[in-house]
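S.K.: Between the sequences and the hints, there should be enough to build the whole structure, so can you do that?
Given next are the chains, with one letter for each unit.
There are 2 protein chains.
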Amino acid sequence: MTTDDDIMDATFAALCKHGYADLTMQAIADEFEKSKSLLHYHYDSKEDLIVTFMEHLLENFLSEFDEDSDDDPLEQLQRMAEIVVGSDEDDGPDDVHMALLGLRAQAPYDEALREQLVRNDQHIRERIADIVRSGIEQGRFRDDIDPEQFAAAFRSAIEGAQSHDVILGPDAPTETALAGIETFLLEGLTDDGTVEQTA
Amino acid sequence: MTTDDDIMDATFAALCKHGYADLTMQAIADEFEKSKSLLHYHYDSKEDLIVTFMEHLLENFLSEFDEDSDDDPLEQLQRMAEIVVGSDEDDGPDDVHMALLGLRAQAPYDEALREQLVRNDQHIRERIADIVRSGIEQGRFRDDIDPEQFAAAFRSAIEGAQSHDVILGPDAPTETALAGIETFLLEGLTDDGTVEQTA
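In the order they appear, the protein sequences are chains A and B.
Just so we're aligned, residue 1 is where the first sequence starts under our numbering, counting upward by one.
Just so we're aligned, residue 1 is where the second sequence starts under our numbering, counting upward by one.
If you're looking for bench data, these hints aren't it; they were derived computationally from the structure.
Given the structure is predicted, the values throughout are model-derived calculations rather than measurements.
The beta-carbon is built from N, C-alpha and C at its ideal position, and this holds for glycine as well.
Some hints could be false.
[Unchecked claim] Part of the chain B face toward chain A, derived, beta carbon under 8 Å:
id: 1; residue: A13
id: 2; residue: A105
id: 3; residue: S156
id: 4; residue: G180
[What the hints assert, rightly or not] If you want the ones that stay clear, here's a sample from chain A, every Cβ over 10 Å from chain B, calculated:
id: 5; residue: T3
id: 6; residue: H40
id: 7; residue: I167
id: 8; residue: D171
[Unchecked claim] To list a few chain A residues with every Cβ distance to chain B over 12 Å, as calculated:
id: 9; residue: T2
id: 10; residue: D5
id: 11; residue: A13
id: 12; residue: F32
id: 13; residue: E47
id: 14; residue: S63
id: 15; residue: D95
id: 16; residue: L113
id: 17; residue: D121
id: 18; residue: E159
M.R.: Here it is in structure tokens:
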């Protein structure tokens with residue numbers, strides 16, 4: 001692994017352990033096997049490091065949905081919903097999702113972070129729209145779908161369901177939300193109609 | 001106005017001014033025209049007060065969507081989406097939505113707050129499901145819709161779009177998300193098909 005990979009791993013570990021509000025360069029250094037001075041050599045501040053970390057999370061996320069993928073477009077979107085909304089386990093939200101919720105709540109007060117989250121949002125919506133366009137070209141999806149509109153609504157729904165999963169914990173309606181997203185958003189993409197098959 | 005109404009107004013004002021993380025009983029008292037001791041007489045702590053405040057916000061919200069309303073069910077859901085997702089103005093998120101984002105991020109660490117947000121979530125989803133049921137009974141909506149599944153997906157989508165509006169500020173795709181929610185979720189409720197009319 002490169003030093004950068006090690007730093008990203010240390011940031012992930014520290015974020016899970018401390019949450020975003022209590023994250024410090026020292027907490028990240030404590031998770032980093034190499035020297036603290038090396039960390040400071042690469043990053044001036046926690047804010048600086050977090051922007052790179054969010055970029056790194058985006059790359060990892062998008063690599064799961066390769067543009068040149070031969071996978072069925074509907075299955076790709078189903079997989080994205082499952083990954084974002086989270087597991088179907090009853091053991092509550094995981095630490096990283098709790099930390100990212102706190103981080104997102106800071107964005108309105110932190111311009112560099114907000115700008116990185118804007119870039120992440122644009123890339124993710126663009127990838128969703130690309131999958132929809134590819135589904136339309138393949139004749140798999142209806143040709144009267146607006147890919148950008150669908151991408152914005154779908155991303156809102158999966159992110160909203162993930163946030164509820166974290167905020168409401170064991171009482172979150174995560175499985176019902178995921179089933180609803182599947183039925184009302186994803187099945188609506190195909191020519192077979194919206195709800196008939198599953199009702 | 002009753003003392004309780006005055007306290008709720010003072011809490012709203014203090015929350016808008018300070019955000020949730022920096023909210024104190026003193027900050028609320030500063031917005032309260034009556035005495036600070038009266039505030040402490042009614043509420044033991046900030047946590048205690050905030051639970052009542054979230055209950056109060058829920059009541060205000062639900063009163064906009066009266067169960068016995070004669071309004072068209074589709075129009076009621078459209079209005080709910082517009083109210084939750086926020087204004088179409090370019091002036092960024094308002095202070096109360098920023099404060100509520102911070103508050104929700106604290107729920108995983110604050111059991112009384114989490115429990116109140118769970119109750120709010122259940123009530124709001126139940127009201128959405130009631131509107132859908134009423135639309136089905138009136139023959140306005142398709143009769144193969146699962147009201148609970150729809151409610152969970154719709155609530156995730158409108159809350160997700162609102163969160164993005166706050167987190168991403170002026171770069172949030174709020175209008176596109178709202179249009180997508182309308183096209184892909186709301187128009188799918190009617191018998192006319194999902195997208196034909198607007199594409």
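S.K.: Please check whether the beta-carbon of A:D95 is more than 12 Å away from every beta-carbon in chain B.
M.R.: Violated, since 10 Å does not exceed 12 Å.
S.K.: Taking 8 Å as the limit, does the beta-carbon of B:S156 come near enough to a beta-carbon in chain A?
M.R.: Constraint on B:S156 satisfied, holds at 4 Å.
S.K.: Holds or violated: B:G180 as interface residue toward chain A, Cβ cutoff 8 Å?
M.R.: Since the shortest Cβ distance to chain A is 3 Å, the answer is holds.
S.K.: Using 8 Å as the Cβ threshold, decide whether B:A13 counts as touching chain A.
M.R.: 19 Å, violated
S.K.: So A:I167 supposedly isn't at the interface. Is its beta-carbon more than 10 Å from every beta-carbon in chain B?
M.R.: 5 Å, violated
S.K.: Just double-check A:F32 for me: nearest Cβ-Cβ distance to chain B has to come out over 12 Å.
M.R.: At about 26 Å from chain B, A:F32 clears the 12 Å cut-off, so the statement holds.
S.K.: Far enough from chain B: is every CB of that chain over 12 Å from the CB of A:T2?
M.R.: Per Cβ check, A:T2 is outside 12 Å of chain B; nearest 30 Å; holds.
S.K.: With 10 Å as the threshold, tell me whether A:D171 passes as away from chain B on beta-carbon distances.
M.R.: About 4 Å separates A:D171 from the closest Cβ of chain B, which leaves it inside 10 Å; violated.
S.K.: Does A:A13 clear chain B by more than 12 Å, comparing its Cβ with all Cβ atoms of that chain?
M.R.: 19 Å, holds
S.K.: Can we confirm that no CB of chain B comes within 12 Å of the CB of A:D5?
M.R.: Consistent with the label, A:D5 stays out of reach of chain B, its closest Cβ about 27 Å off (over 12 Å).
S.K.: For A:H40, is the shortest CB-to-CB distance to chain B above 10 Å, so the non-interface label stands?
M.R.: 28 Å, holds
S.K.: Quick check for students: does the CB of A:L113 sit more than 12 Å from each CB in chain B?
M.R.: 9 Å, violated
Hints 1, 7, 8, 15, 16, 17, 18, counting from the list given before, are not met by this structure.
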